[in-house]
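**Q** Given next are the chains, with one letter for each unit.
There are 2 protein chains.
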Amino acid sequence: MAAEQAAQKPQERLSAWLAGDMAAVNLLIRDRMASEHAPRIPEVTAHLIEAGGKRLRPLLTLAAARLCGYDGPFHVHLAATVEFIHTATLLHDDVVDESSQRRGRPTANLLWDNKSSVLVGDYLFARSFQLMTETGNMRVLAILSNASAVIAEGEVLQLTAAQDLRTDESVYLKVVRGKTAALFSAATEVGGVIAGASAEQVKALYEYGDALGIAFQIVDDLLDYGGTDAVIGKNTGDDFRERKLTLPVIKAVAVATAEERAFWERVIEKGDQRDGDLDRARAIMAGHGTMEAARQDALMWAAKARTALDHLPAHELRDMLADLADYVVERIS
Amino acid sequence: MAAEQAAQKPQERLSAWLAGDMAAVNLLIRDRMASEHAPRIPEVTAHLIEAGGKRLRPLLTLAAARLCGYDGPFHVHLAATVEFIHTATLLHDDVVDESSQRRGRPTANLLWDNKSSVLVGDYLFARSFQLMTETGNMRVLAILSNASAVIAEGEVLQLTAAQDLRTDESVYLKVVRGKTAALFSAATEVGGVIAGASAEQVKALYEYGDALGIAFQIVDDLLDYGGTDAVIGKNTGDDFRERKLTLPVIKAVAVATAEERAFWERVIEKGDQRDGDLDRARAIMAGHGTMEAARQDALMWAAKARTALDHLPAHELRDMLADLADYVVERIS
Numbered sequence: 001m002a003a004e005q006a007a008q009k010p011q012e013r014l015s016a017w018l019a020g021d022m023a024a025v026n027l028l029i030r031d032r033m034a035s036e037h038a039p040r041i042p043e044v045t046a047h048l049i050e051a052g053g054k055r056l057r058p059l060l061t062l063a064a065a066r067l068c069g070y071d072g073p074f075h076v077h078l079a080a081t082v083e084f085i086h087t088a089t090l091l092h093d094d095v096v097d098e099s100s101q102r103r104g105r106p107t108a109n110l111l112w113d114n115k116s117s118v119l120v121g122d123y124l125f126a127r128s129f130q131l132m133t134e135t136g137n138m139r140v141l142a143i144l145s146n147a148s149a150v151i152a153e154g155e156v157l158q159l160t161a162a163q164d165l166r167t168d169e170s171v172y173l174k175v176v177r178g179k180t181a182a183l184f185s186a187a188t189e190v191g192g193v194i195a196g197a198s199a200e201q202v203k204a205l206y207e208y209g210d211a212l213g214i215a216f217q218i219v220d221d222l223l224d225y226g227g228t229d230a231v232i233g234k235n236t237g238d239d240f241r242e243r244k245l246t247l248p249v250i251k252a253v254a255v256a257t258a259e260e261r262a263f264w265e266r267v268i269e270k271g272d273q274r275d276g277d278l279d280r281a282r283a284i285m286a287g288h289g290t291m292e293a294a295r296q297d298a299l300m301w302a303a304k305a306r307t308a309l310d311h312l313p314a315h316e317l318r319d320m321l322a323d324l325a326d327y328v329v330e331r332i333s
Numbered sequence: 001m002a003a004e005q006a007a008q009k010p011q012e013r014l015s016a017w018l019a020g021d022m023a024a025v026n027l028l029i030r031d032r033m034a035s036e037h038a039p040r041i042p043e044v045t046a047h048l049i050e051a052g053g054k055r056l057r058p059l060l061t062l063a064a065a066r067l068c069g070y071d072g073p074f075h076v077h078l079a080a081t082v083e084f085i086h087t088a089t090l091l092h093d094d095v096v097d098e099s100s101q102r103r104g105r106p107t108a109n110l111l112w113d114n115k116s117s118v119l120v121g122d123y124l125f126a127r128s129f130q131l132m133t134e135t136g137n138m139r140v141l142a143i144l145s146n147a148s149a150v151i152a153e154g155e156v157l158q159l160t161a162a163q164d165l166r167t168d169e170s171v172y173l174k175v176v177r178g179k180t181a182a183l184f185s186a187a188t189e190v191g192g193v194i195a196g197a198s199a200e201q202v203k204a205l206y207e208y209g210d211a212l213g214i215a216f217q218i219v220d221d222l223l224d225y226g227g228t229d230a231v232i233g234k235n236t237g238d239d240f241r242e243r244k245l246t247l248p249v250i251k252a253v254a255v256a257t258a259e260e261r262a263f264w265e266r267v268i269e270k271g272d273q274r275d276g277d278l279d280r281a282r283a284i285m286a287g288h289g290t291m292e293a294a295r296q297d298a299l300m301w302a303a304k305a306r307t308a309l310d311h312l313p314a315h316e317l318r319d320m321l322a323d324l325a326d327y328v329v330e331r332i333s
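Protein chains in written order, with my numbering: chain A, 1 to 333; chain B, 1 to 333.
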């Protein structure tokens with residue numbers, strides 16, 4: 001039994017432990033994504049929400065709350081809130097990135113249109129604020145509304161930093177905090193706050209979510225250059241085509257030879273991309289070891305996440321969260 | 001002096017009476033629309049917010065609060081919240097409608113791109129939730145988050161109702177409540193709530209805002225068929241080109257001859273629009289008097305708004321709000 005359990009992925013163990021709570025979250029999500037007047041809304045959201053998303057963010061909220069001894073009803077509202085915010089940002093991201101595939105299926109903007117994606121995203125944002133308001137807890141409202149602002153700010157920053165070779169690792173970190181880590185850290189932090197955890201524990205939960213989110217996003221960016229369509233359900237090379245400055249590219253630009261620099265200027269700044277350019281980008285990064293260097297950064301953030309958990313009570317869920325931090329980076333090794 | 005004052009438009013009298021409060025609102029808006037990390041954000045918002053918008057919604061909040069005797073600081077936060085929600089919906093509307101002009105200037109989606117409009121809109125939504133959270137008042141949070149959901153739902157409904165000749169007046173009313181009246185009524189209602197007004201007064205403020213918003217939108221829809229570019233700073237005929245079923249069209253479709261029905265099917269359902277079709281649409285509506293019938297509906301809503309004010313204390317601001325209800329419809333006569 002122990003060996004069998006160890007063979008399970010940490011996220012599956014979290015899902016199993018929190019199965020009852022997660023069932024309540026799924027019920028609430030299904031209830032609140034409905035719309036009496038506009039049937040287009042549940043059509044679009046069902047496409048996304050039932051597409052087998054990993055529900056990672058709501059699991060983080062539920063785990064944080066339970067780990068801190070919460071036994072009230074509102075961690076379910078907060079978990080659904082976090083999933084709604086996430087789904088809304090996915091809908092808007094697909095419009096912004098002009099994506100055609102998400103989780104191995106056509107995106108909503110392709111199946112319906114950009115208009116529906118924008119407006120249904122807005123609807124889910126509004127629903128998420130309704131849900132969090134129902135908790136009656138001003139502190140979680142402040143945390144989640146701040147996180148929403150950081151997310152939007154990070155997305156705008158990514159938009160203006162794309163195609164700009166001057167983008168450095170500090171800008172990258174701000175973008176990553178916005179697009180991923182802000183919601184991870186808010187998800188864990190509100191779990192602690194609703195449970196009435198101590199200031200030190202709440203801070204530790206924030207730091208865990210922040211570091212986990214950064215590790216997660218670095219790995220996602222690496223997979224975009226190294227994964228396969230089948231594995232990640234997303235077109236490899238998307239970031240390259242969208243001329244995004246992700247960590248392995250930023251590191252490669254920093255040490256580029258004159259010839260390599262000319263290559264990056266052509267494909268990223270000018271957007272003049274030809275057959276074989278993606279392979280050449282991979283070869284240049286391999287030559288400088290920047291994929292491996294980015295993986296080391298991800299490992300460092302994962303270790304930071306694990307360390308933050310030391311401030312939390314000993315608990316099965318704490319061990320699963322620690323394993324999750326390691327697992328996030330193992331995806332690429 | 002009395003004659004001079006009477007000659008001023010009601011909104012100008014509200015602006016003058018509330019000048020001190022409005023200055024505080026403008027300062028707060030300027031402060032909160034900034035972004036340390038992403039300069040694109042204030043560029044886009046300044047373009048919209050400083051474009052001489054009428055600031056009608058924040059004036060409604062300030063007037064409602066003052067009229068109910070409020071002397072705290074938070075009506076300013078709520079007024080800024082309402083303007084941020086409004087500006088965010090304008091940014092997203094322009095993407096959805098593919099508009100090229102707003103308030104007589106090129107739209108943000110044309111000056112920058114759709115991506116910036118989507119993401120900066122999201123940023124303003126998030127900022128609006130931060131602002132309302134700062135009031136610490138759970139009831140205003142519930143009212144404004146509900147209004148946001150109704151707004152988004154109304155926009156989706158409008159999207160699916162467009163091009164559909166079965167759209168009737170009851171669907172139109174839902175769309176109009178979503179796109180306009182929900183924010184008007186939330187604006188006035190939260191003004192009363194923050195002032196600690198009685199349940200009866202809060203209900204009256206809600207009803208005033210709701211009826212004013214419906215009258216306002218009916219008039220806006222009429223102007224789209226009858227105004228001039230110079231007067232309304234918007235391209236006349238936009239609704240026709242976007243195949244929207246607005247009130248005068250819905251009334252004309254309901255009484256159409258077989259030949260007229262074929263015309264509406266071609267231009268609205270099939271979207272096959274040719275030179276002279278907009279003029280023909282106007283002629284058909286004039287023939288059935290549906291523009292005038294819609295104007296009568298607007299007058300009825302304006303009267304309803306005025307009547308709701310009877311439940312509120314006698315006050316100079318109350319008189320201005322009453323005059324505003326009449327003025328909104330006078331725009332087209």
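Do not take every clue at face value.
One copy or any two copies: either way a pair holds, since identical chains are not told apart in the list.
[Unchecked claim] Using 20 Å as the maximum straight-line C-alpha spacing, the simulated EDC-like pairs for lysine to aspartate or glutamate come out as follows:
#, residue 1, residue 2
1, Lys304, Asp97
2, Lys179, Glu260
3, Lys270, Asp113
4, Lys9, Asp323
5, Lys179, Asp164
6, Lys54, Glu134
7, Lys179, Glu36
8, Lys174, Glu36
Keep in mind that the hints were calculated from the coordinates and are not lab data.
**Q** Does each hint hold? Answer for all of them.
**A** Structure-based check of all given hints:
1. For the homomeric pair Lys304 and Asp97, neither the shortest alpha-carbon distance inside one copy (31 Å) nor that between copies (46 Å) is at most 20 Å.
2. Taking the shortest alpha-carbon separations for Lys179 and Glu260, neither the intra-copy value of 29 Å nor the inter-copy value of 52 Å comes in at or below 20 Å.
3. Taking CA atoms no more than 20 Å apart as the test, Lys270 paired with Asp113 passes between copies only; the shortest distance there is 18 Å, against 29 Å inside one copy.
4. For a Cα distance limit of 20 Å, the shortest separation of Lys9 from Asp323 inside one copy, 9 Å, qualifies, whereas the shortest one across copies, 66 Å, does not.
5. Proximity of Lys179 and Asp164 under a CA criterion of 20 Å is satisfied intra-copy only: 18 Å inside one chain copy versus 38 Å between copies.
6. Taking the shortest Cα distances, Lys54 and Glu134 never come within 20 Å of each other, neither inside one copy (25 Å) nor across copies (33 Å).
7. For a Cα distance limit of 20 Å, the shortest separation of Lys179 from Glu36 across copies, 16 Å, qualifies, whereas the shortest one inside one copy, 31 Å, does not.
8. Only between protomers do Lys174 and Glu36 lie at most 20 Å apart by alpha-carbon distance; the minimum there is 11 Å, versus 39 Å within a single protomer.
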